[in-house]
Amino acid sequence: MGEEVILHGTWASPFSCRVIWALKLKGIPYEYIEEDLSNKSSQLLQHNPVHKKIPVLVHGGKATCESMIILEYVEEMWPQNPLLPTDPCERADARFWIKFAEEKGPAMWTVYRTSGEEQEKAVKDTLEMLRAIEAHGLVDKKYFGGDKIGIVDIAFGQIAQWLGVIEDIVGVKLLEAHKFPRLHAWIKNFKEVPIIKENLPDRDEMMVFFKHFREMLLTSSRDS
Amino acid sequence: MADEVVLLDFWPSMFGMRVRIALAEKGIEYEYKEEDLRNKSPLLLEMNPIHKKIPVLIHNGKPVCESLIIVQYIDEVWNDRSPLLPTDPYQRAHARFWADYVDKKVYEVSRKIWTTKGEEKEAGKKEFFEIFKTLEGELGDKPYFGGETFGFVDLSLIPFYSWFHAIETFGEFNMEAECPKIVAWAKRCLQIETVAKTLPDQKKVYEFVGQMRKRFGLE
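First to last, the protein sequences are chains A and B.
Mind the numbering: the first sequence is residues 557 to 780 in our numbering, read in order.
Mind the numbering: the second sequence is residues -5 to 213 in our numbering, read in order.
Derived from the structure by calculation, the hints contain no laboratory data.
Since this is a predicted model, take the numbers as computed values, not measurements.
Keep in mind that a hint or two might mislead.
[Unchecked claim] Once the Cα atoms are required to be at most 35 angstroms apart in a straight line, the calculated DSBU-like pairs of lysine-lysine come out as:
no.: 1; chain 1: B; residue 1: Lys98; chain 2: A; residue 2: Lys753
no.: 2; chain 1: B; residue 1: Lys106; chain 2: B; residue 2: Lys47
no.: 3; chain 1: A; residue 1: Lys618; chain 2: B; residue 2: Lys120
no.: 4; chain 1: B; residue 1: Lys34; chain 2: A; residue 2: Lys735
no.: 5; chain 1: B; residue 1: Lys136; chain 2: B; residue 2: Lys115
no.: 6; chain 1: A; residue 1: Lys618; chain 2: B; residue 2: Lys98
Only chain A is shown next, with the shape it has when bound in the complex (with noise of 0.2 angstroms):
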């Protein structure tokens, strides 16, 4: 298992950072290629021909795509430090809440990217999504994964800093600390894991590229 690992990803990327914060959790060495999307290089679009998107996982030759799919190929090459629990039952589970947080979580990038009626709606299925959450997944536990950090922890992390910075540029707070208490908790807690801390992009760098990011789309919808 000596076989070179490649990651192809771009630094403000949530669905990156995923597979960083898993490949550092196992202390797996690799190589990363920073992507620039508006130029995909040649091998990115080889890798991934189908979706075309990063992150790609490229271990041994092999390419595997698609963040959390990425995550369990990770986990099963490489168990050491498990992120997922051995329980059957539990691991359906954390699949149930990974499943969730992929067709809930682009609602808040639906808030980032639209403006007007499209935003509101946005904005309330985002909602609905954090209080799923704050209802059914963090039920007396300090991480979605117990006493450790898991797959699902993970699966979640934009909600820990992306929406944060979603929030403040559109200037609509969806997470208030009172109507959330379980979540926020568990913001903090996650932030301050430490291999999480140290590979979370820069709040202020995040601020700078999503804030021009917004107005060049929202500027090339009203001329479209």
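Model the placement of chain B on the given structure of chain A, informed by the hints.
Okay, now just chain B, sitting in the frame of chain A:
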């Protein structure tokens, strides 16, 4: 202690069919409970409070939701026979990727075809053909998506076969003409006893979809 397995389901659901095939492949005895989706049972609402959807597998009182998650659960618990996923981690990731592709793309685009008309329907058809072309590319010359044997990706897609007649009729096209490789693959899968016994008759599904369209004001 004998296992108690209950499946909350709805007979035309492609997602439910996936679980039924998996249970049949493993030879697991279970109690099937048909849900009326316009009048969901208290049991369903209790077992799947977040989504309130079928299928739900209840194993010794504990619920498992989401069809592909249920299939993986079944594979892990009854791991002594008829594996549903490959053992090699890379092949498993590859299978998960394509099952995920089916999940993300096929249901929505199929639904677009039988629930819309005019320009929207034509756009849906175009997307449908593109998606199935991609799937045909992935299938290649293999007998199954899983290679020589029926596997996870085959299982995730084959239930849609029971909906082909409805989709092609309301979509006004011919599935075999547009996607010959997929139809050939599907007929190969139908040779498998568990698949043949599980999939409902295409005509029954067509009638069901017809009734739904009436309710949506499309007929």
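_Let me make sure I understand: some of the numbered hints might not hold for this structure. Which ones are they, in numerical order?_
Checked against the structure, no hint fails, so every one of them is satisfied.
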